[in-house]
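Asker: Those protein sequence lines, which keep their order, are chains A and B. Here the first sequence is numbered in numbering that gives the first Met the number 0, starting from 0 and rising by one per residue. Here the second sequence is numbered in numbering that gives the first Met the number 0, starting from 0 and rising by one per residue.
Careful, some of the hints might be misleading.
Here are some chain A residues the structure puts well away from chain B; computed CB gaps all over 10 angstroms [said to hold, decoys possible]: (1) 98; (2) 137; (3) 172; (4) 244; (5) 247; (6) 262; (7) 344.
Listed below are the simulated SDA-like cross-link pairs for lysine to any residue, each with C-alpha atoms no more than 25 angstroms apart in a straight line [as the list claims (entries may be wrong)]: (8) A:112 - A:75; (9) B:379 - A:105; (10) A:112 - B:384; (11) B:379 - A:118; (12) B:365 - A:65; (13) A:112 - B:345; (14) A:112 - B:376; (15) A:80 - B:343; (16) B:365 - A:66; (17) A:112 - B:381; (18) A:80 - B:378; (19) A:20 - B:314; (20) B:283 - B:258; (21) B:365 - B:270; (22) B:379 - A:67; (23) A:356 - A:263; (24) B:379 - A:79.
Have a look at the derived ranges for each label pair, beta carbon to beta carbon [unchecked claim]: (25) A:214 - B:100: 29 to 37 angstroms; (26) A:195 - B:48: 54 to 62 angstroms; (27) A:186 - B:371: 39 to 47 angstroms; (28) A:201 - B:48: 52 to 60 angstroms.
What the hints contain is simulated information worked out from the structure, not anything from laboratory work. Even for Gly, the Cβ is constructed at its ideal location relative to N, Cα and C.
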Amino acid sequence: MRVLAALSGGVDSAVAAARAKDAGHDVTAVHLAMSKYSAASTDGRSRGCCTASDANDARRVADALSIPFYVWDVREVFESKVVQQFRDSYASGETPNPCVRCNEFVKFDYVLKRAVALGFEGLVTGHYAQIKQGVNGAELHRGLDESKDQSYVLAVMRSDDLSSVLFPVGSSLKTEVRSEADARGFAVSTKPDSYDICFIPSGDTKSWLKKELGTNSGAVVNHRTGELVGTHDGVHTLTVGQRRGLNLDQSKGPFYVTSLDAKTNTATVGLVNDLDSYEFVVESVNWLASPTTIGEAGGAFCVQIRAHHRPVAGKVTSTDGHQVQISFREPVRGLAPGQSAVWYSGTRVIGCGTIAKRESAGDGRKSSH
Amino acid sequence: MLPVAKEAFVSALNVNGNASSLHATGRGARKLIEESREQIAKALGARSSEVIFTSGGTEANNLALKGVFWQSVEEDPNRRRIITSAIEHHAVLDPLAWLTEYGHAVVEYLDVDSLGRVSAAQLRDLLAQAPAETALVSVMWANNEVGTVQPIADLAAVAHEFGVAFHTDAVQALGQLPIDFQASGVDLMTLSGHKAGGPHGVGALVVSDRVHITALTHGGGQERALRSGTPDVPAIAAMAAAVTYWQGNQVQHVRHLRELRDYLIRRVLAEIPEARLNGIDTTKAAYETDARLPANAHFSFEGCEGDALLMLLDAAGVECSTGSACSAGMPEPSHVLLRMGLPDEIARASLRFSLGWNSTKADVDKLLLALPEAVARASKARAQA
Numbered sequence: 000m001r002v003l004a005a006l007s008g009g010v011d012s013a014v015a016a017a018r019a020k021d022a023g024h025d026v027t028a029v030h031l032a033m034s035k036y037s038a039a040s041t042d043g044r045s046r047g048c049c050t051a052s053d054a055n056d057a058r059r060v061a062d063a064l065s066i067p068f069y070v071w072d073v074r075e076v077f078e079s080k081v082v083q084q085f086r087d088s089y090a091s092g093e094t095p096n097p098c099v100r101c102n103e104f105v106k107f108d109y110v111l112k113r114a115v116a117l118g119f120e121g122l123v124t125g126h127y128a129q130i131k132q133g134v135n136g137a138e139l140h141r142g143l144d145e146s147k148d149q150s151y152v153l154a155v156m157r158s159d160d161l162s163s164v165l166f167p168v169g170s171s172l173k174t175e176v177r178s179e180a181d182a183r184g185f186a187v188s189t190k191p192d193s194y195d196i197c198f199i200p201s202g203d204t205k206s207w208l209k210k211e212l213g214t215n216s217g218a219v220v221n222h223r224t225g226e227l228v229g230t231h232d233g234v235h236t237l238t239v240g241q242r243r244g245l246n247l248d249q250s251k252g253p254f255y256v257t258s259l260d261a262k263t264n265t266a267t268v269g270l271v272n273d274l275d276s277y278e279f280v281v282e283s284v285n286w287l288a289s290p291t292t293i294g295e296a297g298g299a300f301c302v303q304i305r306a307h308h309r310p311v312a313g314k315v316t317s318t319d320g321h322q323v324q325i326s327f328r329e330p331v332r333g334l335a336p337g338q339s340a341v342w343y344s345g346t347r348v349i350g351c352g353t354i355a356k357r358e359s360a361g362d363g364r365k366s367s368h
Numbered sequence: 000m001l002p003v004a005k006e007a008f009v010s011a012l013n014v015n016g017n018a019s020s021l022h023a024t025g026r027g028a029r030k031l032i033e034e035s036r037e038q039i040a041k042a043l044g045a046r047s048s049e050v051i052f053t054s055g056g057t058e059a060n061n062l063a064l065k066g067v068f069w070q071s072v073e074e075d076p077n078r079r080r081i082i083t084s085a086i087e088h089h090a091v092l093d094p095l096a097w098l099t100e101y102g103h104a105v106v107e108y109l110d111v112d113s114l115g116r117v118s119a120a121q122l123r124d125l126l127a128q129a130p131a132e133t134a135l136v137s138v139m140w141a142n143n144e145v146g147t148v149q150p151i152a153d154l155a156a157v158a159h160e161f162g163v164a165f166h167t168d169a170v171q172a173l174g175q176l177p178i179d180f181q182a183s184g185v186d187l188m189t190l191s192g193h194k195a196g197g198p199h200g201v202g203a204l205v206v207s208d209r210v211h212i213t214a215l216t217h218g219g220g221q222e223r224a225l226r227s228g229t230p231d232v233p234a235i236a237a238m239a240a241a242v243t244y245w246q247g248n249q250v251q252h253v254r255h256l257r258e259l260r261d262y263l264i265r266r267v268l269a270e271i272p273e274a275r276l277n278g279i280d281t282t283k284a285a286y287e288t289d290a291r292l293p294a295n296a297h298f299s300f301e302g303c304e305g306d307a308l309l310m311l312l313d314a315a316g317v318e319c320s321t322g323s324a325c326s327a328g329m330p331e332p333s334h335v336l337l338r339m340g341l342p343d344e345i346a347r348a349s350l351r352f353s354l355g356w357n358s359t360k361a362d363v364d365k366l367l368l369a370l371p372e373a374v375a376r377a378s379k380a381r382a383q384a
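This is chain A alone, in the form it adopts within the complex:
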C-alpha cells in the first residue's frame, strides 16, 4: 500500500513508520508544521517557522529509513480549528481538549483527505490505539499499553476512515517501542514523552490563557447558598473540579469549582460531593459502531469522561442523531463541559461526543434518582 507516515520527530511515530516500511508498504514521510509564530522583517515579508528541531529529528528518521520526507504547512487549519477553539472554549467557561480537536480536524481530516487526494491509500501515525477488523468492518480499540492508550482522543475519527489508517505501535508497550527505536538506531529513542499542549511549550496553560484572553474579574459564589465567597480573574482561568489556586477562604472547604458561567462571569464552588453527577448530555456525537451493535448492548457501555479517567458503567440513550444522554448508577465526579465523553464496549470505542453544559447549576444532581 502507498502510505503517508506522519513523523512528529518523536519516538512513537518513528517506530510506526519503520514498522509500516517493514510490512512492505511504500512509505512517504511528512512532518506537520503546526505552530504559528512568525518574525516579520523590514520589507513586510513573514518567515514563520515551525519547531525546526522536531522537524529535523523527523527528517533524520526518514533518512534512516531511506524514505522521502516533506514538511506540510498545517498552521492555518491548526490555528483556526485547534488553537482558536481552545481559546473560545475556555472563554465560554468550558475545558477543551485540543488533542481531540487536532485529531478531528487536522490529522484525520485535513491531512488524511489531502493524502488520499494525492494518491496515498493510507495514513500511518504513532498513536497508541488499535484498529481491528470486526464483522461489520473496522473497529477502533484501546492501545495495548493501558498507560499510553490514546483511544480517548481518537474517538472522533470517522468510522469510514478507520480502514485508511494504520497505528503500528498500538499493539505494543511503550517500553518495547523505545527499545525498538534504540535497536533501529534512531537518535530520538531517548527523547522524552510529550505531555504538554504542543502550542504552549512552557507548559503553563494558565499564563498562556491570561496572555491571550486577558483578565476579567468576576464573582465566586457558593454553589448551595449563592453567597459571594471570592473573586476570580476570568472563567478561562478556571476549570471545573479545580481546588488549588482559588482566591477564597478554604477553611470550611475544601471547595472545588463546580460550574462556570461565562455570560454572568460567575464561578460557583462547592464541596467535593457537589462535583458528582448522575447524568449529563453529550453533543456533537460520533458513532464508531453500527446501530445494531448499540441496540444489542441496550445502551450499556463503559464511559470515560476525561483523558486519564477510569471508565465507569453507564447507560447511553440517544435523544437524536447529534445528542445522547448518559446516566450512571453511581455518581461520576468532576464532569467538565468541553471535554470528550467516550463510551466503550470492552476495549472497543463505540462512540464519543462533547460534554454539554448543564442548563443551570444543580441540574444532574441527585434529583434524577
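Fit chain B to the given chain A structure using the hints.
Answerer: Coordinates of chain B only, in the frame set by chain A:
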C-alpha cells in the same frame, strides 16, 4: 558537477599544502589558488587582484553589503542608505535587514513590474533624493526564481551618475549569461561555484580596485586581508575549471538551454490549462531570448499547491522547486512573486524548473508525462481542503 570541475577538484586534493605556508608544498597550493584567480578574472573580464574567494555566494553578498556599508559609515556617518530591489535573494535581503537592525542602515527597495523587471528611472529618482547619503546600490544580475535578467549595465551607470557604488549578485548569471565585469561597470559582483557546475561551498566576490571595503572576518590576512581563513584549494580550483569551461562553451551551451527552456514553456502552456508562466515569455516575439535566464522556467498552476505538486513530481522522478523554504523545510510563498503582484494563493501554486548543463529533451518529456496527473491530483487535494 561538471567533469572538468570534478577532475580539477580531485587533482587538487593531492596538493596538501597550506597556501599560507612558505615551504615548497605551501607554494604549490598558493600557485593553484593564484592560477584559479587568474583564470576566473580572465574569463569574467576582471583583474585577478579583484577576485576574493569566499565560502559561497551568501558570504560574498555579506562581505559586499556589510563591507561597503561599514567603510561608508567610517568615511561619512551620514552615508548609511542602501538601495536594493524587492526581489533579491535572501542572501541579500537578510544581511540588509540585519544592517538595518544592528547598523542603522536605511534600506530602500526598488519595485518590480509584473515580469520582475526593475527600472533605471526609479533608481535615478531614488538616488536623486539623497545621493550623498547613499552608500550602495545592489541589484541582482538575474532573478533566481523567475529568471528575469536586469539591465545591469544601465543600472550601474545610473548609480555612477551619482557617484554611488554598484553591487550585483550574479550567482544565477554565472555560466548562463556572458559576464564582463569591467564592461558592465559593476563595482562588486557576487559569484557562486555550484551554480556554474562547480562544487558547493565556494564562491567569490569580485571587487573593483576602485572600491574600498571593510573586512568581516579577521585572522591570517588571506585574500588581501578581506577574507581571513585558510582557503579551500580543491573547491577553488574546481570553480575555476568550471568558469573556464563556460568561457569556451558558453555560446553552444546557452543555445541548447534556451531551446530546451522554450520547448518546456511551450509544452507546459499548451498541455496544462491551469498553468501560467511567471516572468518573461521568451517564446513570444515581443521579448529578447536572453531576457530570461536560459535554464529557468517558472509556472503557477492555478488551483494547486506547489508543495503537493513538488511531492508528486518528486515521486515520478522529476525534481523541481517551490521557491524558498524555512529552515524546517516548509514552503513559503515567494516574496518575488508577491512583489510582482501575484496573489498569495497563486504564489503558493508555483514551481520552478531549472535546467542543468546535462539536461535533455527527454528530461522535459518525462516532466510532461508526469505533470497532467500531478496537476489533477494536486487540484483535487486543494479543493478538498
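Asker: All hints, please: hold or fail.
Answerer: Verification of the hints:
No Cβ of chain B comes within 10 angstroms of the Cβ of residue 98 (chain A); the nearest lies about 21 angstroms off, and the non-interface call holds. Non-interface status of residue 137 (chain A) relative to chain B is upheld: no Cβ of that chain comes within 10 angstroms, the nearest being about 21 angstroms off. The claim that residue 172 (chain A) is not at the interface with chain B holds, since no C-beta of that chain comes within 10 angstroms of its own (minimum 31 angstroms). Listed as a non-interface residue, residue 244 (chain A) keeps its Cβ farther than 10 angstroms from every Cβ of chain B; the least gap is roughly 36 angstroms.
No beta-carbon of chain B comes within 10 angstroms of the beta-carbon of residue 247 (chain A); the shortest separation is about 46 angstroms. The claim that residue 262 (chain A) lies off the interface holds: its Cβ sits roughly 35 angstroms from the closest Cβ of chain B, which is beyond the 10 angstroms cut-off. Even its closest Cβ contact with chain B, about 33 angstroms, leaves residue 344 (chain A) beyond 10 angstroms, as expected for a residue assigned away from the interface. Straight-line distance between C-alpha atoms of residue 112 (chain A) and residue 75 (chain A) comes to about 16 angstroms, which keeps the hinted pair within the 25 angstroms bound.
For the proposed pair residue 379 (chain B) and residue 105 (chain A), the alpha carbon gap of about 18 angstroms is at most 25 angstroms, so the pair holds. Pair hint residue 112 (chain A) plus residue 384 (chain B) holds up; C-alpha atoms about 7 angstroms apart against a cutoff of 25 angstroms. Distance hint between residue 379 (chain B) and residue 118 (chain A) is fulfilled; the C-alpha atoms sit about 10 angstroms from each other, no more than 25 angstroms. Between residue 365 (chain B) and residue 65 (chain A) the CA atoms are separated by roughly 24 angstroms; this keeps the pair inside 25 angstroms, and the hint holds.
With a C-alpha separation of about 22 angstroms, the suggested pairing of residue 112 (chain A) with residue 345 (chain B) holds against the 25 angstroms cut-off. At roughly 12 angstroms between alpha-carbon atoms, residue 112 (chain A) and residue 376 (chain B) fall within 25 angstroms of each other, so this suggested pair holds. A hinted pair counts as satisfied when its Cα atoms are at most 25 angstroms apart, and residue 80 (chain A) with residue 343 (chain B) qualifies at roughly 21 angstroms. Our distance criterion of 25 angstroms between C-alpha atoms is met by residue 365 (chain B) and residue 66 (chain A), whose separation comes to about 22 angstroms.
At roughly 10 angstroms between alpha-carbon atoms, residue 112 (chain A) and residue 381 (chain B) fall within 25 angstroms of each other, so this suggested pair holds. Between residue 80 (chain A) and residue 378 (chain B) the alpha-carbon distance is near 23 angstroms, which keeps this suggested pair within the 25 angstroms criterion. The straight-line distance between the Cα atoms of residue 20 (chain A) and residue 314 (chain B) is roughly 16 angstroms, inside the 25 angstroms bound, and the hint therefore holds. For a cut-off of 25 angstroms, the pair hint linking residue 283 (chain B) to residue 258 (chain B) stands: about 13 angstroms separates their Cα positions.
Annotation: proposed proximity of residue 365 (chain B) to residue 270 (chain B) holds, straight-line Cα distance about 14 angstroms (limit 25 angstroms). A C-alpha spacing of about 22 angstroms is found between residue 379 (chain B) and residue 67 (chain A), which places the hinted pair at or below 25 angstroms, so the restraint holds. In summary, the hint linking residue 356 (chain A) to residue 263 (chain A) is supported, as the alpha carbons are separated by about 14 angstroms, within the 25 angstroms threshold. Distance hint between residue 379 (chain B) and residue 79 (chain A) is fulfilled; the C-alpha atoms sit about 22 angstroms from each other, no more than 25 angstroms.
Restraint check, residue 214 (chain A) to residue 100 (chain B): a C-beta distance of roughly 33 angstroms satisfies the suggested window 29 to 37 angstroms. At about 59 angstroms, the beta-carbon gap between residue 195 (chain A) and residue 48 (chain B) stays in the expected band of 54 to 62 angstroms. Under the hint 39 to 47 angstroms, the C-beta atoms of residue 186 (chain A) and residue 371 (chain B), about 40 angstroms apart, fit the expected range. For the hinted restraint 52 to 60 angstroms between residue 201 (chain A) and residue 48 (chain B), the CB-CB distance of approximately 55 angstroms keeps it satisfied.
Of the numbered hints listed earlier, not one is contradicted by the structure.
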